[in-house]
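Please put together the full structure from these sequences, using the hints given.
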Amino acid sequence: MTTGKELAPPLAPESQERLFSAEGMRAAAVSLLARIRGGDLGSLPVIVGLVVIWAVFQALNPVFLSSTNLVNLTMQSAAIGTIALGIVVVLLVGEIDLSVGSVSGLASAILAVTFVQLQWNIVLALVAAIAAGALVGLLYGFLYTRFGLPSFVITLAGLLGFLGLQLWILGDTGSIGLPFDSWIVEFAQQWYLPAWASYIVAGLTAAAYAWILLRRARQRSAANLVSQSYLGIGIRSGFLMAFLMVAAWYLNLSRGVGVMFLFFLALVVVVNFALTRTRWGRAVYAVGGSVDASRRAGIRVDRIYISVFMLCSTLAAVGGVLAAARLASANQSSGTGDVNLNAIAAAVIGGASLFGGRGTAFAALLGIFVIQSISSGLTLLNLDSSVIFMITGIVLVLAVTVDSLSRRKRAAAGRA
Amino acid sequence: MTAAAGANGENMTSMSMTQPRPGRSRDPVLTVHAIGKRFGAVRALTDVDFWVNEGEVVALIGDNGAGKSTLVKLLSGVYSPDSGVIEYDGEPVEIGSPADAQELGIATVFQDLALCDNLDVVANLWLGRELRTGRTLDEVEMEQQTWTLLRELSAKIPSVRIPVASLSGGQRQTVAIARSLIGDPRIVILDEPTAALGVAQTAEVLGLIERLRERGHGVVLVSHSMADVMAVADRAVVLRLGRNNGVYNIADVTSETLIAAITGAVDNAVARRASDRPTPEPSDAKIIRMRDLNSRRGRDLRGGTP
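Just so you know, the protein sequences line up as chains A and B, in that order. Just remember that our numbering sits 4 ahead of the position in the first sequence, which is counted from 1. Just remember that our numbering sits 12 ahead of the position in the second sequence, which is counted from 1.
Among the hints, erroneous ones may be present.
Residues from chain B that keep clear of chain A, each with C-beta distances beyond 10 Å, as calculated [claimed, not checked]:
1. A53
2. V54
3. Y91
4. Y100
5. E226
6. H236
7. L253
One side only, chain B facing chain A, incomplete, derived with CB under 7 Å [claimed, not checked]:
8. E142
9. E155
10. Q156
So the derived list for chain B, only partly shown, Cβ under 10 Å to chain A, looks like this [claimed, not checked]:
11. P110
12. L125
13. A126
14. A135
15. G140
16. R147
17. T148
18. E153
19. A177
20. R191
Hint data in this document are derived by calculation from the structure and do not stem from the laboratory. Each residue gets a CB set at the ideal place from its N, CA and C atoms; glycine is no exception.
Below is the structure:
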């Protein structure tokens, strides 16, 4: 029991809350080490894995870490990353959605048919495609909460059913090209931030982060609670600023920061906010932890399930739209093949636990980077897709092994 | 124990969220008259009477299958009674759902605690009732009130920002009890709070129960442990085979007496005689009589019925 030592002395109430407080940088490092040793790894394994993968591929092919390739990597990540973001949320409540690939394909088919063949307004076509995703999620949520079918089966049926619907909507044409001069295609293919704008975005992001931390620290110290030191806040936001600036600078050596990638990042931040700062997000984690406890705490569990399934399918539809826009076409193979598996693998590799209740929105971002790095690196080495699949499979097993081992270690160390 | 408890009482002072109510002390808050519940052919409860005062710890004891859990579930709104009346502050009420019970001010801590292991102490305490500023969670206020509450209970929790999975059994029980106090209930029902605990942790929870009494809550303690009952309860209500089998003032009895009542070695003749008669309608006069009986020893609720 790691907590044994801290519990023993009967402390005055005021000092009690400072028991675990990290005073100064050294204490912070010590508590971080203790957490890692206790199996609370957080994002550490993914980041280490990503560094290893990048180092290996860079050693094998110097083009890998070139600015051009990294820009490609970011743009390739956006669509499936958006889908993976939805998977993270579903995994948080301990469920699964196997049909995200089909739903993304359905959304791209709806976009192409309504926009190109039926000549709808682009906004209307986009709304129709994304609303279709939301409807699919509503259907799943209804089936799950009303009839208690396992989500695995519901979404497996959805995988087949909506693939069929996608083919039916596309009809005999098979493939429909989106016009290159429509803004949605330009958004996905050609819009990059000018260099100055990318630095401003990086600076503003770091400033906003610092401001949020600072405000929280002020409120907490006003409420007489342990708060982060100004030095710590400065160091954290300084690191973030430096990282974002360097990243923006490096990408700017080539085409720069893609607007579609920025859109994906914004989605991650928004979902992260919803998960950590709202009652809905708290309820999502609670349901993933214990459905029974959540129900007894007065959470309307059914609504949470429905909202989560809807969010996942909606994000899958958004991902499908992004993918179609990037390819400037929707065809019968949109959303099929590895889309499904890569999205789910990305969420798991990024650190969303399959057992529910653990993970953050940033898991989607980190996980999709790992997946796309492997795919991009192996493609650069002129390796066949057969090898790519096999290696991605191995990485997935490794990631789940890390999850499983750290879970066992957490249990032994008495952490959730 | 009492000296320590007194010192804690002084510590409470102004930071208390839920001040004990001095004006309404020692009145029955919750009264149950001749309540019955059957499941198919099984009569789980027959004509059971029960009441709880403010600032009083009532032990509900009995053998397995005596109807303790059924009574607790009736009070907490999980089941609805088939017959009988539940009065809250002298007014007949219907407790149709757990939400109804909570609204009335009856909080129940079930044996499985119903905590989310992956959430921290603050999140568990406020689950489903989170405080907000605008649309976002007010973590600062929730954390502050959590500390206030835990201090009032003199609870030993290492940090309110660690997942409850890392807490010991006693600490988890403490968190569950603290959570039940969030809605400022007047009755707290504890279902076997010490069943899975070691010696030190049991002592911790018993101390907690005494502090609940000091805060003015009426506490219903369901327990199998005579030691716990003798240590903290003011009064013990014995159920046997779904019927009342005596009400005892803990100060006046030994655990042998209680065990005898539980096992039926002392078959309460008064209770048996009373239950053979048709159930009279509950009345105000009856409540007064029951209050009179409160202080007497070894008498059934119906003992004084003419």
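Practice item. Quick one: which hint numbers does this structure break? Sort them smallest to largest. Key: Nothing - there is no hint that the structure violates, so all of them hold.
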